[in-house]
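Undergrad: In the order they appear, the protein sequences are chains A and B.
Anchor point for the first sequence: position 165 equals 172 in the numbering used here, and the numbering is continuous, going up by one each time.
Anchor point for the second sequence: position 62 equals 95 in the numbering used here, and the numbering is continuous, going up by one each time.
Hints are computed from structural coordinates only; laboratory data are not their basis.
No residue lacks a Cβ here, since even glycine has one placed at the ideal position from N, Cα and C.
Derived coverage of chain B by chain A (criterion: at least 3 residues anywhere in the stretch with Cβ under 8 Å from a Cβ of chain A; other residues may be distant):
hint, segment
1, 205-218
2, 277-291
Mimicking SDA-like on lysine to any residue, the simulated pairs with C-alpha atoms at most 25 Å apart in a straight line are:
hint, chain 1, residue 1, chain 2, residue 2
3, A, K86, B, A207
4, A, K86, A, N21
5, B, K287, A, M150
6, B, K287, A, T145
7, B, K287, A, E136
8, B, K287, A, G115
9, A, K86, B, L202
10, B, K287, A, Q121
11, B, K287, A, T120
12, A, K86, B, I189
13, B, K287, A, E108
14, A, K86, B, F206
15, A, K82, B, G198
16, B, K287, A, Y138
17, B, K287, A, S147
18, B, K287, A, E125
19, B, K287, A, P102
20, B, K287, A, R123
21, A, K86, B, R203
22, A, K86, B, A127
23, B, K287, A, L135
24, B, K287, A, R144
25, B, K287, A, S118
26, A, K82, B, G200
27, A, K86, B, V122
28, B, K287, A, L114
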Amino acid sequence: MTVNNSPALLEIVNLSHSYSRNGGAEPVLRRISLSIRAGELVCLIGRSGCGKSTLLKIVAGFLAPTQGQCLLAGKRIVKPGPDRCVVFQEDALFPWLTVRENIAFGLGGSSGTQRRLETERLIDLVGLEGYGDYLPRTLSGGMKQRVALARVLIRSPQILLMDEPFGALDAQTREEMQELLLRLAQKRNQTILFVTHDVQEAVTIADRALVLDRDSEQIGATVPIALPRPRNRSSHDFQDLCARLHALLRQP
Amino acid sequence: MHAKDIPLSLLIPLIALAAWQATSAFGMVPTYLLPPPAAVWEAGLRYIFAAAGQGPYAGRFWSDLAASLTRVLLGFSLAAALGVPLGVVSGRMALAHRLTAGAIGGLRAVPGICWLPLAMIWFGIGVKTTVFLVAMAAFFPIYQNALTGARLVAPIYCQAGAMLGVGRLRGVFAVLLPMAMPNIIAGLRLGMGVSWAYLVLGELTGVPDGLGAVIMDARMLGQTDVILVGVLLIALIGRLCDLALVALMRLCFKSARRQS
Chain A
8 MTVNNSPALL
18 EIVNLSHSYS
28 RNGGAEPVLR
38 RISLSIRAGE
48 LVCLIGRSGC
58 GKSTLLKIVA
68 GFLAPTQGQC
78 LLAGKRIVKP
88 GPDRCVVFQE
98 DALFPWLTVR
108 ENIAFGLGGS
118 SGTQRRLETE
128 RLIDLVGLEG
138 YGDYLPRTLS
148 GGMKQRVALA
158 RVLIRSPQIL
168 LMDEPFGALD
178 AQTREEMQEL
188 LLRLAQKRNQ
198 TILFVTHDVQ
208 EAVTIADRAL
218 VLDRDSEQIG
228 ATVPIALPRP
238 RNRSSHDFQD
248 LCARLHALLR
258 QP
Chain B
34 MHAKDIPLSL
44 LIPLIALAAW
54 QATSAFGMVP
64 TYLLPPPAAV
74 WEAGLRYIFA
84 AAGQGPYAGR
94 FWSDLAASLT
104 RVLLGFSLAA
114 ALGVPLGVVS
124 GRMALAHRLT
134 AGAIGGLRAV
144 PGICWLPLAM
154 IWFGIGVKTT
164 VFLVAMAAFF
174 PIYQNALTGA
184 RLVAPIYCQA
194 GAMLGVGRLR
204 GVFAVLLPMA
214 MPNIIAGLRL
224 GMGVSWAYLV
234 LGELTGVPDG
244 LGAVIMDARM
254 LGQTDVILVG
264 VLLIALIGRL
274 CDLALVALMR
284 LCFKSARRQS
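Bound conformation, chain A alone (with noise of 0.2 Å):
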């Protein structure tokens, strides 16, 4: 998936963030600047409480930044936009709406036919044939974050921004959705931001990880991952990276 040669989509700059407490101004992000290619992606792993939601939230146009810009192909971020859709960790649904509704709602009020072709499309590429007129809460989890993968892909999003997305699963479901993923991102040439927890996960999934250091509020290195696809788990050099990264998690 990587594209080597593509210049940068995605700009961070410079960027800090504290949140107002009692008062008082606590950091959360120092001074981090980042660039991510089209096509690339990009996981940002940190443990909890790093920063690296934040982070996403003000790509996302979620969250305005202290100080420092985003830009996005060149236009800095002010808001939120379907050029950055937001697949969440937590079910973010529309109750009300069917699957179907729920995929079709960013189409807003475009034409009749146009709408349904894309809306089937959609409900057959991530799996969910069958099931477009079921409501969220009839769902699984898993079919859940299908949806939400689907409805926010609907607008074609210049970049995919997604927040431990896989992180209330169950591992079988997880390495599923993962492959979806992989898929999706491969089809689309779909450029990533993802944020997680999990090194095996990222190491999975990514072309590149960002480790987000909690004490320091930047990030502490950057690993590339260069091993062939489709990865094995149980390989040395998958093992091995999975190790540095636990390291560099667990550094003071």
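Please build the complex by placing chain B on the supplied structure of chain A, with the hints as guidance.
TA: Chain B in isolation, oriented as in the chain A frame:
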């Protein structure tokens, strides 16, 4: 309510009816305090079905019902038209909440019955006084529940709407109101219940028609059976109004149909 729940829901009314029948049959209470069920039943039939002129209150029901229903629906609609938008806006915008919370909280502290003398001075005796009282009373539960419902909508749903390209105004109708719908309906149902309570209060003031007026009139003539007929009819019609309200909301809104 499902059809299979109906037998169970009738259990307590039937027990009460049996106790009432027993009380009357054994002469434990004089009939001018509590007439036997059969007498109340007959009075009810006369009130509802007899031709006008065949005795006191005969056949008055339909015009009383029309009068009362008009007052309730006018007052309730007024309360809903103000309470839902104000509540939703106050639930989402800190400024609006700060602006309205004090005034509305203060007004709420005034018991509804306190408005009666003022309403009579302002509006005289008649429809307007009753509608005013009903609207004042029904407003608070509708407002408060819409506020709570709007406030409880998790930011993640608004963020999901925004990232999928829904602007702020469309987001209110496409995300916020549907998410808050269960609470809005709860508020409307409470408001509808309160509306019937204050309807009777408004009609006790000497209007010529309406179910409350009948009750008050019958008290002056010592017709306990007619009072009981009025009470039972209000209970029944109030319940039907609640069911109709829920059915209407479910008919009109997907978010009411699919979340409950």
